[in-house]
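So the protein sequences, as listed, match chains A, B, C and D. Oh and the first sequence: position 141 is 141 in the numbering used here, straight run, nothing missing. Oh and the second sequence: position 58 is 1058 in the numbering used here, straight run, nothing missing. Oh and the third sequence: position 77 is 2077 in the numbering used here, straight run, nothing missing. Oh and the fourth sequence: position 320 is 3320 in the numbering used here, straight run, nothing missing.
Watch out, some of these pointers could steer you wrong.
Said to hold, decoys possible - Computed list of lysine-lysine pairs in PhoX-like fashion (alpha-carbon distance at most 25 Å, straight line):
hint	chain 1	residue 1	chain 2	residue 2
1	B	Lys1031	B	Lys1087
2	B	Lys1126	C	Lys2028
3	C	Lys2324	D	Lys3255
4	D	Lys3028	D	Lys3115
5	B	Lys1329	B	Lys1031
6	C	Lys2115	B	Lys1087
7	B	Lys1126	C	Lys2115
8	C	Lys2115	C	Lys2028
9	D	Lys3324	A	Lys126
10	A	Lys87	D	Lys3028
11	A	Lys87	D	Lys3115
12	B	Lys1087	C	Lys2028
13	D	Lys3115	C	Lys2255
14	A	Lys126	D	Lys3115
What the hints assert, rightly or not - Calculated from the model, a selection of chain D residues having no Cβ within reach of chain A, i.e. all distances over 12 Å:
hint	residue
15	Gly3048
16	Leu3049
17	Asp3056
18	Phe3088
19	Arg3109
20	Ile3128
21	Ala3185
22	Arg3200
23	Val3202
24	Leu3221
25	Ala3228
26	Glu3289
27	Glu3310
28	Leu3315
29	Leu3319
Worth flagging that the hints you see were computed from the coordinates, not collected in a lab. Using N, Cα and C, we set each Cβ at its ideal position, and we do this for glycine too.
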Amino acid sequence: MSEHVHAVHPEPDMVQLLTPEGQRVEHPDYKLDISEDEIASLYRDLVLVRRIDTEAIALQRQGELGLWASLLGQEAAQIGAGRALKKQDMSFPTYREHGVAWCRDVDPLVLLGLYRGTNLGGWDPKSNNFNLYTIVIGAQTLHATGYAMGVVRDGAVGTGDPDRDTAVLAFFGDGASSQGDVNESFVWAGAGNLPVVFFCQNNQWAISEPVERQSRVPLYQRSAGFGFPGVRVDGNDVLACLAVTRKALDDARSAQGPTFIEAYTYRMNPHTTNDDPRRYRLGSEAETWKLKDPIERVRAYLTREAKIDPSFFADVDAEAKQLAEHVRKGCRELPDPTPESLFDNVHVTMPDELRTQRDEFTDFVNEVSA
Amino acid sequence: MSEHVHAVHPEPDMVQLLTPEGQRVEHPDYKLDISEDEIASLYRDLVLVRRIDTEAIALQRQGELGLWASLLGQEAAQIGAGRALKKQDMSFPTYREHGVAWCRDVDPLVLLGLYRGTNLGGWDPKSNNFNLYTIVIGAQTLHATGYAMGVVRDGAVGTGDPDRDTAVLAFFGDGASSQGDVNESFVWAGAGNLPVVFFCQNNQWAISEPVERQSRVPLYQRSAGFGFPGVRVDGNDVLACLAVTRKALDDARSAQGPTFIEAYTYRMNPHTTNDDPRRYRLGSEAETWKLKDPIERVRAYLTREAKIDPSFFADVDAEAKQLAEHVRKGCRELPDPTPESLFDNVHVTMPDELRTQRDEFTDFVNEVSA
Amino acid sequence: MTASGMGTATMAKALNDGLRKSMEDDPKVVIMGEDVGKLGGVFRITDGLQKDFGEDRVIDTPLAESGIIGTAVGLAIRGYRPVCEIQFDGFVFPGFDQIVSQVAKFHNRSAGLVKMPITIRIPFGGGIGAVEHHSESPETYFAHTAGLKVVSCSNPSDAYWMIQQAVADDDPVIFCEPKRLYHAAKAEIDEAPTPLYKARVVRPGQHVTVVGYGPTVSTVLSAAQTAAEDGLELEVIDLRSVSPLDMPTVVESVKRTGRLIVVHEAPHSFGVGAEIAARVTEAAFYSLEAPVLRVTGYDTPYPPSRLEHEWLPNLDRVLDTVDKIMEF
Amino acid sequence: MTASGMGTATMAKALNDGLRKSMEDDPKVVIMGEDVGKLGGVFRITDGLQKDFGEDRVIDTPLAESGIIGTAVGLAIRGYRPVCEIQFDGFVFPGFDQIVSQVAKFHNRSAGLVKMPITIRIPFGGGIGAVEHHSESPETYFAHTAGLKVVSCSNPSDAYWMIQQAVADDDPVIFCEPKRLYHAAKAEIDEAPTPLYKARVVRPGQHVTVVGYGPTVSTVLSAAQTAAEDGLELEVIDLRSVSPLDMPTVVESVKRTGRLIVVHEAPHSFGVGAEIAARVTEAAFYSLEAPVLRVTGYDTPYPPSRLEHEWLPNLDRVLDTVDKIMEF
Ligand SMILES: Cc1ncc(C[n+]2csc(CCOP(=O)(O)OP(=O)(O)O)c2C)c(N)n1
Ligand SMILES: Cc1ncc(C[n+]2csc(CCOP(=O)(O)OP(=O)(O)O)c2C)c(N)n1
Ligand SMILES: [Mg+2]
Ligand SMILES: [Mg+2]
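Take the sequences, apply the hints, and build the full model.
In structure tokens, the structure reads:
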């Protein structure tokens, strides 16, 4: 039936370069030439971002944060994708990409304001080419696509200059794949052959809804009908995520157009610290995914295959401790916003009527506190 | 590259059962067993709806209509799809499906109110299972999908009862394929395996924008990534449109899920009577499409192959004349709405504050006219 | 065992019981939204309903608000009575087009031949220490949209009855639920409902009329208590319905007190307070001793939670405005 | 040869010239929307701009409004200054979420580190005999949204200057264009602009202040002419900016006349008139001889075109309201 595109494809293998047991395996399309030091450095990233996450959860329990969205289980997807970025590339996270922030050299403390309630993000997307966290599901995929339109207009794709050619990396989740905005971003990216890579972390759940509520076919298949390739990668395999994202970003920079990447992974923790997964999923599910832990397999590889000096792991753990201390201490010291700041930055130039509101507010506050 | 779904497919043939020259051809997947009388009856439909369209355009020129969206060139797509519907099936048109309305036994005069400005549609979608025209691009595809959810909940699919099993047919255009709503309706339909068929008339243009602005790959490929099949049909071939839509609706009724149909056709007239296509497309384009005229090929078949009695064509033309007269006369006689009716049907139960507005308005109107 | 049966309930439980009652009363009622099934919604308002009424009537939808509202329109055309849950106020906007151009207009466009008995539940308002987009007050957008009715409950008993009345209404209703009161103190459930679109005088007084709805009613009531200690009697009106507005109740009160303050969380400008001020001034021009004053959110985005209590109308701000209005 | 150069122009030509000027002045200005390229937009406002500035700066987008606004946000983050055309007022709603949750808030969320110099052009209002969704007046939704500025031009000269000022503004501006005046009579283009957010007294008078903006200004002016024949001098104010509101200009006038009427096409309730009424009553309470009255669209969906002239604020309705307000 030549004119039929069949919906039900045989489930293909995911791209995998490191097995859960820590064996390196080859993949015809994704050669990754990487040194053992580099792998060790990825291990360090994975451990440190998990530690940041652990501390943030603890801080939420202690009331220092109002909320936290844990990345537990998704470290490899985020570090693999994040480490594939070049300095000039731009990234658009959701609210969960703490690992990508780490790869962009964003101090973890910068991420805490939003969750502590001291600001609404408040960092400069340009300073580390890492956009503000976006909570409205899917909205950022259009921002990434528009940014990519700007990149093209700046002549920053396909020049062959490795420091000039620029790609954009947009993050979103399996649930987000149902939003109109996300699909519209596919329309724009496909029709415009834009230098944007869509990185979907399919962590199997959108709060309480399993991915089957969103689609009966694998998500990576979504993009073909919009005119660009889709690939599924083992989201718990940092090497595969690095290799696949690197290739997609290279394609984007060299004007080959967009790629859709589905990182197949699992949300090991509740959706956020507010959530109670016992209402909708079995603990046994997490147990089976534990066997695919993104960190264990790298550690196993480094120990067994690379025969790395055990002191390395001790050093990383020590560094993690310091980082944890930095997060704990820094969080408590985050400055509270002043009441007057309520009226700052609503506009670039404040209208008189808002200035009046602010002045009345300030008088009132002083009055009350007086 | 097993895990890649390739974006660029070789352009497949469209399903075609009647060539532009009027030759019937076979297709492995779409057998159409149809009598010559039935084909003659389709010819009649095609001629009559084209005549309705011609009259409406004339009425707009004469100022009797404020606007008209012509179906010229798309008759076969609409009649083929419309005649595939069973009485119990529901249909959701855009603003251009006058041919489908005809198949649903909707008096053409009913369609004119919206374009004359005497009402906002104002017909009962249930009386002919033909929804109100929808002008907001794509919105109706979600309505169709929700209606299909209702059909499932009513147990009206997959029972095997030919008079009970119900399908839903949603119409939209090539431009509409970019709207979030349309893609969200694909998400719902795919994830829910709903009894809805998406019939996209790709008439090559969204006002001044060629379909390439919306997608670099054929539109029928869009649905596979949402979990259901897509098929491209010769939209100027009424037999093919009938066969393909019939199969898709059968699948829907028998709980086989949704189908996406791309009817490949051409908008021969301006977008609406307000439009000036000379600004954005060459007349020669329409000339080449003229050779694929949906009516000519059927007439050629009936004359050459079916050796139908010439008097048949004369009768159809006579009927067309009568219909034209009915439209001309009926249009001028459409009742103007009364000022008081401004406040009718805003709510099922009118709030007091609106009643007050209406009463003040009525007093004022009487005052002024007094 | 429903709330009315059990005497007292929290607002969350009252809403849950009310929805259960609506589903029992009318088999065409379906609940749809994100996480409304097994989870029972992030606020547990639909807790247990999917278990008892099945997945066909309590539907976990894909993650897309336009899809939720748009498919609800189709279900309504088919003869269903959908109750859509929007997870948080800030996420109603992707569904805004379907609400204002389809839900609000369909009955009118069909010359009254199609009804849109859709209820859109929105947990709204602030004060829960949430991140951005989780504390918005979008009611004014809907109140300004012809064809929609907009109501808000301020206590468990109204929650129990109003949700049932909204679902039973053949017109589309935007049902705004003050999320920070969901799990506040239990309260008695009245034996019988008040008409849905009627305001209620919740505390009589002769000096100043103060109007609130949803989350601000409790704030206004405590202000009234404090003011009373200084011998100022505030007449507190719970609007209950934002659109239509029960002006007779408000105007009657203002004609006695001569002074009116409107309190809401939505931004000040072009808000509900403005409409009430304009109408009252027109209807009671010669009775007003002072202009209508408003205590509202400021004309800024909802602030980070550490500042929300300064931003929100609070006891001090209401009392301060009472002083102001008495100076006229 | 731009409008200011040629002395007089229609509003359509003035907007076209203004946009051309903006694109010449700033290479970061890009125009995006449906059919804005070869067609020049359905109203020809961008006529010839793609030919002269290329497809990279005048972009025919896919057919999706959320996509248009959302990609504009991304372009702004990259340092561009997008001008988005919404084809008709009724079609801004699919883009509503990106406008209120992203465009309006981004500068604030980034603590002032990112600017959103986006102009969203909306041909708005009725009176052109169009089908449904083509005659809406959505300005109030945006005026109620903190972070947005909302302006409307009523004549070619303002159109020419205001569009340039809006595009040059580093804040997002919703630019409402009274479509039925696009091709009305040519008018002189002033040599210099008025500040964008200032109202203008377009006709002095001492008896009643009448405020309009966009399409209603001309209606109000002809009412003033008629009223003058009966010896009633209306002071007519063209608001120009709906948000922020230039209250000093309005209040100063009302303090002299003691009477105010606000005229707009948007539905009556929770509209712009309500906010102006509330503010003026607060600022000029003791000067008011009568309550602020409103002449507006009714609280119904926009009607079929055969009834639009009854529905819209027209000469008779304004004069009738002038009589009413004089009776106080
Ligand atoms: C437009 C919108 N609707 C609803 C929500 C509430 N919400 C927050 S996260 C979430 C689930 C997202 O799931 P997914 O996209 O898979 O990302 P994940 O949280 O699993 O990383 C929902 C429904 C939201 N933030 N935005
Ligand atoms: C949401 C929305 N945006 C814009 C428009 C204006 N508009 C009317 S028809 C049209 C083009 C539609 O093209 P297509 O979907 O291909 O249908 P066709 O008119 O070609 O049949 C546009 C942009 C609209 N009606 N609705
Ligand atoms: Mg997920
Ligand atoms: Mg088309």
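Sort out whether Lys1087 (chain B) lies within 25 Å of Lys2115 (chain C), counting only the CA atoms. Holds, at about 22 Å.
Over 12 Å from every CB of chain A: does Arg3200 (chain D) meet that, or does the non-interface label fail? holds (17 Å)
Does Val3202 (chain D) really sit off the interface, with its C-beta more than 12 Å from all C-beta atoms of chain A? With a cut-off of 12 Å, Val3202 (chain D) remains clear of chain A, as the shortest Cβ separation is near 22 Å.
Is the claim that Gly3048 (chain D) lies outside the interface with chain A correct, judged by CB distances over 12 Å? Non-interface label on Gly3048 (chain D) holds, nearest chain A Cβ at 20 Å vs cutoff 12 Å.
Against chain A, does Ala3185 (chain D) keep a CB gap of more than 12 Å to every residue? holds (33 Å)
So is Leu3049 (chain D) really clear of chain A, every C-beta pair being over 12 Å apart? holds (16 Å)
For a C-alpha distance cap of 25 Å, please report whether Lys2324 (chain C) and Lys3255 (chain D) respect it. holds (22 Å)
Straight-line alpha-carbon gap Lys87 (chain A) to Lys3115 (chain D), limit 25 Å: It holds: about 22 Å lies between the C-alpha atoms, which stays within 25 Å.
Take the C-alpha atoms of Lys126 (chain A) and Lys3115 (chain D), compute the straight-line distance between them, and say whether it is at most 25 Å. holds (12 Å)
Between Lys1329 (chain B) and Lys1031 (chain B), does the CA-CA distance stay at or below 25 Å? violated (42 Å)
Satisfaction of hint between Lys2115 (chain C) and Lys1126 (chain B), Cα-Cα up to 25 Å: The given pair, whose Cα atoms are some 12 Å apart, holds under the 25 Å limit.
Taking the minimum C-beta separation from Leu3315 (chain D) to chain A, is that value above 12 Å? holds (32 Å)
Of the numbered hints given earlier, the model fails hints 5, 9, 13, 17 and 19; all others are met.
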